[in-house]
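> For reference, the chains in residue letters:
Protein chains: 2
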Amino acid sequence: MNGAQALLRTLVDAGVTVCFGNPGTSEMHFVAALDAVPEMRGVLGLFEGAVTGAADGYARMAGKPAATLLHLGPGLANGLANLHNARRARTGIVNVVGDHATYHKQYDAPLESDIESLSGTVGWTRTSASTEALAADAAEAVAVARSGRIATLILPADISWGDGGKPAAPLDAPVRPTVADNVVQSIVDVLRSGESTVILLGNVGTRERAIRAANRISQATGVKLFAETFPARIERGAGVPALERLGYLAEQVTWQLTDVRDLVLAGTKSPVSFFAYPGKPSDLVPDDCKVHVLAEPGDDITAALEAVAAIVAPDVEPVLQAENRPELPTGELTPQNWVDVIGALLPENAVIIDESNTSGLLLPTATAGAPKHDVLTLTGGSIGFGLPNAVGAAVACPDRPVICLQADGSAMYTASALWTMARENLNVTTVVLSNRSYAILKLELQRVGAESTGPKALDWLDLSRPDLDFVALATGMGIPATRATTAEELAEQFRAAQGKEGPHVIEAIVPTLF
Amino acid sequence: MNGAQALLRTLVDAGVTVCFGNPGTSEMHFVAALDAVPEMRGVLGLFEGAVTGAADGYARMAGKPAATLLHLGPGLANGLANLHNARRARTGIVNVVGDHATYHKQYDAPLESDIESLSGTVGWTRTSASTEALAADAAEAVAVARSGRIATLILPADISWGDGGKPAAPLDAPVRPTVADNVVQSIVDVLRSGESTVILLGNVGTRERAIRAANRISQATGVKLFAETFPARIERGAGVPALERLGYLAEQVTWQLTDVRDLVLAGTKSPVSFFAYPGKPSDLVPDDCKVHVLAEPGDDITAALEAVAAIVAPDVEPVLQAENRPELPTGELTPQNWVDVIGALLPENAVIIDESNTSGLLLPTATAGAPKHDVLTLTGGSIGFGLPNAVGAAVACPDRPVICLQADGSAMYTASALWTMARENLNVTTVVLSNRSYAILKLELQRVGAESTGPKALDWLDLSRPDLDFVALATGMGIPATRATTAEELAEQFRAAQGKEGPHVIEAIVPTLF
Chain D
1240 MNGAQALLRT LVDAGVTVCF GNPGTSEMHF VAALDAVPEM RGVLGLFEGA
1290 VTGAADGYAR MAGKPAATLL HLGPGLANGL ANLHNARRAR TGIVNVVGDH
1340 ATYHKQYDAP LESDIESLSG TVGWTRTSAS TEALAADAAE AVAVARSGRI
1390 ATLILPADIS WGDGGKPAAP LDAPVRPTVA DNVVQSIVDV LRSGESTVIL
1440 LGNVGTRERA IRAANRISQA TGVKLFAETF PARIERGAGV PALERLGYLA
1490 EQVTWQLTDV RDLVLAGTKS PVSFFAYPGK PSDLVPDDCK VHVLAEPGDD
1540 ITAALEAVAA IVAPDVEPVL QAENRPELPT GELTPQNWVD VIGALLPENA
1590 VIIDESNTSG LLLPTATAGA PKHDVLTLTG GSIGFGLPNA VGAAVACPDR
1640 PVICLQADGS AMYTASALWT MARENLNVTT VVLSNRSYAI LKLELQRVGA
1690 ESTGPKALDW LDLSRPDLDF VALATGMGIP ATRATTAEEL AEQFRAAQGK
1740 EGPHVIEAIV PTLF
Chain R
1240 MNGAQALLRT LVDAGVTVCF GNPGTSEMHF VAALDAVPEM RGVLGLFEGA
1290 VTGAADGYAR MAGKPAATLL HLGPGLANGL ANLHNARRAR TGIVNVVGDH
1340 ATYHKQYDAP LESDIESLSG TVGWTRTSAS TEALAADAAE AVAVARSGRI
1390 ATLILPADIS WGDGGKPAAP LDAPVRPTVA DNVVQSIVDV LRSGESTVIL
1440 LGNVGTRERA IRAANRISQA TGVKLFAETF PARIERGAGV PALERLGYLA
1490 EQVTWQLTDV RDLVLAGTKS PVSFFAYPGK PSDLVPDDCK VHVLAEPGDD
1540 ITAALEAVAA IVAPDVEPVL QAENRPELPT GELTPQNWVD VIGALLPENA
1590 VIIDESNTSG LLLPTATAGA PKHDVLTLTG GSIGFGLPNA VGAAVACPDR
1640 PVICLQADGS AMYTASALWT MARENLNVTT VVLSNRSYAI LKLELQRVGA
1690 ESTGPKALDW LDLSRPDLDF VALATGMGIP ATRATTAEEL AEQFRAAQGK
1740 EGPHVIEAIV PTLF
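If you're matching them up, the sequences are chains D and R in order. Heads up, the first sequence is in the working numbering, so the first residue is 1240 and it goes up one at a time. Heads up, the second sequence is in the working numbering, so the first residue is 1240 and it goes up one at a time.
Please note that the accuracy of each hint is not assured.
One copy or two, it doesn't matter: identical chains are merged, so the pair holds either way.
[Said to hold, decoys possible] No farther apart than 25 angstroms at their CA atoms in a straight line, the calculated lysine to any residue pairs in the SDA-like style are these: (1) 1519 / 1663; (2) 1681 / 1500; (3) 1508 / 1496; (4) 1344 / 1329; (5) 1344 / 1508; (6) 1344 / 1494; (7) 1529 / 1348.
If you're looking for bench data, these hints aren't it; they were derived computationally from the structure. Note that the structure is a prediction, hence the values are computed from the model and not measured.
If we strip away everything but chain D, and leave its shape as in the complex, we get (with noise of 0.2 angstroms):
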């Protein structure tokens, strides 16, 4: 057994079961294993960018990670951004990132470059030294990769091809650590103080469990709830109790936190301006307001807001958003009525993929009361996130429908996902929401107070010279097509892309906000 066959089959034997790659020659002897361990199965890409948001998109919804295989430095930094993304997501990936032989590096070949310093600014890396060890470096990396980290193994060619491989045991699964039971106290006393408080819920606390524990809390002790301004996966719907997000400019969050005196973290930090803006303040949190933290991210969250909620709340039980959809709207597309359409038409069980951005602003009111769904967000606000992690979601979870809402201007730095969701028939919607503009910067050169905008400025945030078609695009990779300047339209296609097994693509003329 060779070295890749002896890797593959430890991360099958512990879990991981899907890898995302784009390979190269240094990673031939891998790609090859992939018939060696019929358990592992394999999603091409066509840009690593794809690759890495994938798997990002897989882990959120699988609970556990997936595998990368990417080429070399410059491989691993096509793949970057979205790990980026996975890292502040706290998804857990194992990166194989091949290298080459050992005994090569001296050459400085025209590929080598310094992979480790890349692979650093996103987490955890190991450089496997032997064919015997690498076996068990895989094995640590999955179980870095558990804990919510990303882990990158870096694999010379000579490593992979060696003889006297061995498949190592998984190691033990991370465990999240319990909070104390005076922490617990600690804010129970806080709850009881009288004071306006809130509760910031991240990471796992933004799923269901978590959620209908805060909001039994919430219930009996007149406290507000909030979800992090972008989590890495948000339950929602009819049937689980409503959840606001705390707002991404920070205007908004100083509004939503107006009078607050005690701020309770439970999975989150607390909240910072995404961007500095001349003479506004980077800490959101109220200046005369404690915070207090229940639970880091990587603690037992769930368990201790049901703790929480045993003292305060025992007998009370939480109030479920009941089922209430939007009317289905008629007339030329807008920011309102578009969001409008998928709240009304949303499937049942549908896991969201939002990278709508600008357009989206009206997107959580318009689907609260659609059926129960989840909702993953853009965590680390490197755009080019949404498709792929709608390739990742939908590998996970086959069953359900998965729904990409897509600005146009983030769609193209990783379009090619879309080719590997004809490739693997996913059955993904894509809503790609044209606006022709970087929407967002236009409202961002204002508030940064940039004076004299002339036609140049202007001219770097405009997308329409020349439109880009993303139904000739879509086409192009080998998805069925379609284009809605209307909301009647946009329902019909939408239907009618639930109503078929694989991939479409609905191009929604949508203008800009701003």
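Since chain D is already given, all that's left is putting chain R on it; use the hints.
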């Protein structure tokens, strides 16, 4: 004057008059400053890999650096693969990477990441510490770039928007060191020794003036000449002495260097295998061959060759390649006949961007006697260089036809460069070689000795499920496109493209060699 304005003025005063960019919120003051500095041309890309690749192509043809504008760590990460190629080409580039305001970094906002560790992998890095220091930092960055290195200037938002910016004067451009007389004489002694000798040319050693000197030396002494495998820019065709390149495959190089006892390096390194292969050597210099250095890549290679020629070939004229085009072929496209079409119809004074990979194996022969032209090649092995480099070359040389010969798999890493071609109405004719596979990997899979190749492995080298439709993709990005399946169609479409301004895409359906 704010920092951004002083920065742009400093760049322009130092001769950097094009900025390829993809901005975000933290770069809005830089974008706004474009209007205050009219001499700076801004060229928008939809993805940072297209931006950095364009800067590479621009500098290879303009002989001076462009700037890039990139958005924080993820923006730089997306651009690293083509920066890797630029580093291997010894192309100078000034990256301006926006960062959070200095006081904002402590909050670990979602887009915070370790930018310096990324930029350090490709070259020089400076994080500007104050608005006052920014312009001097920029002047230094330009000087670094003019020496053929990648310079990254990290620009915190508050340094950019702060008042008190003052432009800095350009630093003296670096001068290539002259090769010492005794080194020239020692090489002359080698050439006159009567042993079988090769001169290997790289960097500006593959430009016309250097090639003429080398050709004179070869005629006078009988030494053989080769260009390095992947030159950054090679001038060739009718009127320039012919110059064969070293092969990509180690086996080819071994054959080319058979019985060579002295290898003289003029602007390049001694040849090594691109990848390692089990049981095969990495160092491709024959065992009993001595390596001599006439000039390092940064030296005045041309003057060194001319100094040698003045001694060994004072009265020898170079032998120039005669004009000699292939006949226009007919029939279904093959790896042989498509290159003959290009050779037969290549316009005067063309710039070829060659990322045709396996499909282009026969291209150098077919174009050897075409009118004089430049060829830019994939120096660093990081695929996705072709379309972006074509953008940059066309911006640098608006009066020259740019011919981008682009393999299909590689095209998908940076395909959005097509949109920038349309936006800037660049005279680029792109021929996409669609063989619908990672053909090189089919070859490499065998060469690395991967045994028991099964259907899962082969599936990862196959791009036909579904077929990519480059006519649709190009049309979707605003470029007129056609498809050719025969040599006649390719010829007709190629001719038609040369007759019209602006970009064109031809998808040529060419079977794979392997």
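> All hints are to be evaluated individually against the structure, with a verdict given for each.
Evaluation of the provided hints:
1. 1519 / 1663: neither (47 angstroms within a copy, 38 angstroms between copies)
2. 1681 / 1500: So residue 1681 and residue 1500 fail the 25 angstroms test inside a copy (35 angstroms) and across (64 angstroms) alike.
3. 1508 / 1496: within (15 angstroms within a copy, 62 angstroms between copies)
4. 1344 / 1329: between (33 angstroms within a copy, 20 angstroms between copies)
5. 1344 / 1508: So residue 1344 and residue 1508 pass the 25 angstroms test across copies only (15 angstroms; inside, 42 angstroms).
6. 1344 / 1494: This pair counts as between: shortest inter-copy Cα distance 24 angstroms, intra-copy 56 angstroms.
7. 1529 / 1348: Between. Shortest inter-copy distance 20 angstroms satisfies the 25 angstroms Cα cut-off; intra-copy 56 angstroms does not.
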